[in-house]
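2 protein chains.
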Amino acid sequence: MDQDYATLLGSCPVPFQGATEVLLGHGSGGKLTADLIERLFLPAFQNPYLAKLDDQAVLELQGMRLAFTTDAFVVTPIFFPGGDIGRLAVNGTVNDLAMSGARPLYVSAAFILEEGLWLADLERIVRSMQEACATAGVMLVTGDTKVVNRGSGDKVFITTSGIGIIEHALTIAVDGAQVGDRIILSGTIADHGMAVMSKREGLEFETEIVSDTVALNSLVASMLEGSAAIHCLRDPTRGGVATTLHEIARRSQVGIVLEEQCIPIREEVKGACELLGIDPLYVANEGKLVAIVGREAAEQIVERMRGHRDGQAARIIGEIVADHPGMVVMRTGIGGSRIIELPMGEQLPRIC
Amino acid sequence: MDQDYATLLGSCPVPFQGATEVLLGHGSGGKLTADLIERLFLPAFQNPYLAKLDDQAVLELQGMRLAFTTDAFVVTPIFFPGGDIGRLAVNGTVNDLAMSGARPLYVSAAFILEEGLWLADLERIVRSMQEACATAGVMLVTGDTKVVNRGSGDKVFITTSGIGIIEHALTIAVDGAQVGDRIILSGTIADHGMAVMSKREGLEFETEIVSDTVALNSLVASMLEGSAAIHCLRDPTRGGVATTLHEIARRSQVGIVLEEQCIPIREEVKGACELLGIDPLYVANEGKLVAIVGREAAEQIVERMRGHRDGQAARIIGEIVADHPGMVVMRTGIGGSRIIELPMGEQLPRIC
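As given, the protein sequences belong to chains F and P, one line each in that order. Just so you know, our numbering puts 274 at position 274 of the first sequence, and the rest follows in order with no gaps. Just so you know, our numbering puts 92 at position 92 of the second sequence, and the rest follows in order with no gaps.
Among the clues, some could well be false.
Because identical chains cannot be distinguished in the list, a pair is counted as satisfied if it fits within a single copy or across any two copies.
[To be verified] The list that follows gives simulated cross-link-like pairs (lysine-lysine, DSBU-like), each with its CA atoms no further than 30 Å apart: (1) K270 to K31; (2) K31 to K52; (3) K155 to K52; (4) K31 to K155; (5) K155 to K199; (6) K270 to K199; (7) K199 to K31; (8) K199 to K52.
The hints are simulated quantities; they were obtained by calculation from the structure and are not laboratory data.
Next comes chain F alone, as it looks inside the complex (with noise of 0.2 Å):
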């Protein structure tokens, strides 16, 4: 290590997690990664877009309210049960979008291709990324391509940004949760991440578990049309329902309650997750929303989503409450009660 590198390490009074190198679980959503969000990467770039650490930045420009995002993706295998990297990048890219309220308007595609990569593999990406673009009402208008050499990558990375307009007044974001606010999750957990685990791991299940990976931009529209009282919305991708849950409790200064028996779940997801010795609550879901709305609006918006065919199994699922700020306690089936901590590390890496 050179003199530089220790001047610097020198400079960041506590060590990473006490880690010197990047781990997997860096990139896991838990954790490390909020240590890494907090101790580098806040500090570096102060502006109050960034320190709202939502999964868009909402700008002001000449009046006007657009929300900007990126992600990066890196999942492995490139084609999975119900998709592949380049829906998930387009779908997810307009999620983030959806998830402040934004209309997703325009979308961008950066790709890190490995060489000796397969043309026609990479011809059934684009066209599934075609394909996402169309159903999501969003054009593909600015991209590059980048090749490394053969070890240096793996097959494709693929980095989506995005553009919406927000065309509302309301302020959704993670830091809305109030006191007494009803939480809705649209859909069945973790079929996301197990129908990637699966193909990883070469299980077979009698019903294949297929991604969620769907655009949510016209269940959002469709929210928003008969409600203003949204507080929050996220995507809970990368940790699953447990991270995103414990981000808007600690972001909103909250205490989140949950009943484990009102958590959809597919039997062959459930039976997937207890073979692999997985928490669906910390999996990774590509085409769900929680919500957090006003008490008194929640089942109204629940049966509004239960009319859109991608929130047909919405439910409430937990309330927020005054004490316990920062926490997020889950009531079990027998009457028991449980924390759900969130994660140091990584369960499932490059599962997005």
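Put chain P on the given structure of chain F with help from the hints.
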């Protein structure tokens, strides 16, 4: 190859210059890159923004003109004389915005980290990005971090995207060159590419070759203040000045004549190119621009550029002609002339 792939390949009547796999050259910015864009990306994402093939999309949004761009950075080594991958990523995106005449405002960054990267290296890169943002006057407002397992990446890849606002009425685009226009180059060529190559190859020269990476938005703003006769701006990165001029000639359907003795190059860079057998006209620059401007305004624009710290060596290097549309011809010092070809593949992989 399963049937799906065969069908897809079959749907591509002329295979990609005979290739069935991604080659390093597909990321070169040369013929293979053009091939990929024109055979794969353009037909898939048919829209007028992408079809312009500019380095940024210019979007109309409620009467406002926004520029939007993205670029992936995979340079190796990640630290090189004069810069690093982080500085390059910020400046590259700022420059792509500036080349539409936009004022760059907001930047996003998506990191793909390889497990095992030194956190001190990441910190050094992030600090460098912070400095680059401050210098260029842009805010990094949103980001993402993914980690791939050891051997599936190469230390760090960074994709930056950016948004800028166009505050003038000009249309500055790659198809804007007109017969009689003059071609201005803002400074010496090949500095960035040869700085990276020298570091990679362990070459030492009496005078160290240093990357020219810099944000060009200030220089562009000054040029726009001084003249409305700016028809096209490009930063000659991957593939160098030769590739950039080819794109302009082809997209504007004009011929280009260059004067070899007018093209500025540092002695040590020239020496390094000769040593490595590389034509500097094809080597990446990261702090230079090519401007196609009206004949009458050309001298005055050059004067103005020379008064700016980033354009001190600006020169007129050639002109736009009606002859040989789509071709670039160089008049050599001894009175001859040679055709400057678009390179097929990649002479310097992973230079940016």
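Right, here's what the structure says about each hint:
For the identical chains of this complex, K270 and K31 are intra-copy neighbours only, at 25 Å inside a copy versus 50 Å across copies, given an alpha-carbon limit of 30 Å. Taking the closest pair of Cα atoms, K31 and K52 come within 30 Å of each other only inside a single copy of the chain (17 Å); across copies the shortest separation is 43 Å, beyond that limit. Taking CA atoms no more than 30 Å apart as the test, K155 paired with K52 passes between copies only; the shortest distance there is 28 Å, against 34 Å inside one copy. Proximity of K31 to K155 under the C-alpha cut-off of 30 Å is found in both arrangements, the shortest distances being 29 Å within a copy and 22 Å between copies.
For the identical chains of this complex, K155 and K199 are neighbours both inside a copy (17 Å) and across copies (27 Å), given an alpha-carbon limit of 30 Å. In the homo-oligomer, the alpha carbons of K270 and K199 lie at most 30 Å apart inside one protomer (16 Å), although the nearest pairing across protomers, at 53 Å, exceeds that limit. Proximity of K199 to K31 under the C-alpha cut-off of 30 Å is restricted to the intra-copy arrangement: shortest distance 27 Å within a copy versus 37 Å between copies. With identical chains, the CA atoms of K199 and K52 are never at most 30 Å apart, being 36 Å at best within one copy and 39 Å at best between copies.
The structure is inconsistent with hint 8 alone, although it conforms to all the rest.
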